[in-house]
Each structure stands twice: as C-alpha cells, then as structure tokens.
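Make a model of the complete structure from these sequences and hints.
For reference, each letter of the sequence shown is one residue, going -13 to 277 in the numbering used here.
Read the hints as simulated data drawn from the structure, not as lab findings.
Predicted, not measured: the structure shown is a model, and the values here were computed from it.
Hints may be right or wrong, so weigh each one.
Restricting the straight-line Cα-Cα distance to at most 25 Å, the calculated cross-link-like pairs of lysine-lysine (DSS-like) are [unchecked claim]:
| hint | residue 1 | residue 2 |
| --- | --- | --- |
| 1 | 52 | 21 |
| 2 | 45 | 74 |
| 3 | 248 | 271 |
| 4 | 21 | 271 |
Label-pair restraints from in silico Cβ distances [said to hold, decoys possible]:
| hint | residue 1 | residue 2 | range |
| --- | --- | --- | --- |
| 5 | 276 | 78 | 43 to 51 Å |
| 6 | 236 | 275 | 19 to 27 Å |
| 7 | 108 | 38 | 25 to 33 Å |
| 8 | 75 | 102 | 17 to 25 Å |
| 9 | 40 | 3 | 13 to 21 Å |
For each residue, glycine too, the CB sits at the ideal point set by N, CA and C.
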Amino acid sequence: MNKLRGTGIALITPFNQDRSIDYPALEKLVDYSTKGGVEYLVCLGTTAETPTLTKDEKKQIVSTIKSANAGKLPLILGIGGNNTEEIKQEFKDTDLSDFTAVLSASPAYNKPNQEGIYQHYKILAENTDADIILYNVPGRTGSNMETATTLRLANDLKNIIAIKEASPNFLQSTEILKDKPDGFEVISGDDEFGLPMTLAGGKGVISVIAQGLPEQYTEMIRLGLDRKVDEAYKLHYKLMEITRAIYVEGNPAGIKSLLTHKGICKPYTRLPLVHASDDLSNKIKTLLEKI
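Spelled out as structure tokens, the structure:
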C-alpha cells in the first residue's frame, strides 16, 4: 500500500504542567511534521501515552489531529489491548472512515502463545472492514509474535495488510520480508532499524524521532527507498547518537525533551512516566545543536 510508504510518525500527546492536554501544541506538532515531509500520521499509539488518556480525551485528540491535518496526510489509528472482546467492540464502535488503517499491538501482559496471538488478530480482522497493521513490540508486550504467526495472519486474512515490526531480532524482519505474500508490507517500528529495514525491502518506518527531525529523517528513508545507500547512511550516522539518546529514559520522555528544545511543546508526561532528567535534556539539546 503506497499510503504506508516512507515515514509515518507516532504522535506524542503534549501536556501542560498540570498534565492537562495541550491541544494547541498538538496542532503545532502536526503542522510542523507535515511541513517537514512525513508521509502519514499515527494517532493514539504507544508514544501518545494512550493508556493514560480518557475516552473523551482520545476523541478530542483525534478531532484535533484531523482538523490540523485537514486531509493532507493519511491517518492511522491505534486500537489495542489485552482483552480481545473489548478491542473487538472498540473496532465496531469507532468511526474508522477517515483512517487508512488501524494499528493494533499484540496483547501485552497476558503473554499469549502463538496460537493465542493468531486467534486474537483473527477475531479482530473478521469483525471489521478496516485494514489492520499488526504491531510486534516484544519489549513492551512480554511476548514475541514469531515469523510463522505473522505470515499465517498475512496469508489467511486479507484485511491484515502490514506489520510494524519492532523486534530487536533483525533477522526475524528479514524472514518476514523473504516469505511475505504480495501486498503485505513490513514497516520498521524502531528508529535505529528504519534505514536497514527499508534497504532490506521494507516500506519505511513508523518513527518517533521523525516528528522532531522530520526533514532529516524522512530524507534518509526516501534515499533508502531510492536505493541511494551511501547518501542514506550518511544521514543515518548523523542522526544515530540523538536517536539513541531520546530512548535512554524511555519513550516519550526523550522525544518530548527534543520537541521542547524545538519550541513545539512542553516536556511533561503523565504518571507512571516522568519527564526527562536535566542531564538527558541537556544532552539532547547539545546533540540537537550539532545537527
């Protein structure tokens, strides 16, 4: 699907000091990222601190993003959890007409086996007309969606159209790329693997750092898609240190610090997450000045 080609961004939720949502900052971020060249926007993903948001806040966030985007870029909506029946109902209750696809993470905490993961996604796919992007992120969920399970889902269910793959095992991604059916796309879910996975045959990345450095990161991925390897890796190495830095104290603390230095939002998160330490914030500022 060409709408998923290139760089998408997992949008943060900006907060004020009192932890209320800073909607003007969200509008500013969408405008900044869009003008910077990103190809699509992901609403209510992990980076948005979605577990800490109320239903009303989620609706208002989506409304704000839609308004700020004004139809310019494709939108992806995050819907996930570890109660399959509840998530199935959320799919049914949500107006998905403005979204290109739904991004849904493999269930966390329950630690289902591979058959459980398969049946979870099968139920979701069979009860919606929406296209679904699988999301494998073992570092957060506590379980890995293995290659065979991903390929089984891709082959069995036509509206499962892609995977956001964030396994630290890069070979797993290449196994999926090697054996995937036509029309099923592999998208990196890790900023550091964005370029290598693109060069291996992936469609690009759903990125965190690209909302702070949209021009540089999207250019790197475009160069990768165009197979301009040397030029792409020059940017990759230029961005490597700051990309690693934003994850030192967890996501989205680091990217919020970077965006604060850019004048786009404030650094605040909602508990149980805390904002970046002064040491990390100063390091990010120093690295940002070098780019």
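Which hints, by number, does the structure contradict? none
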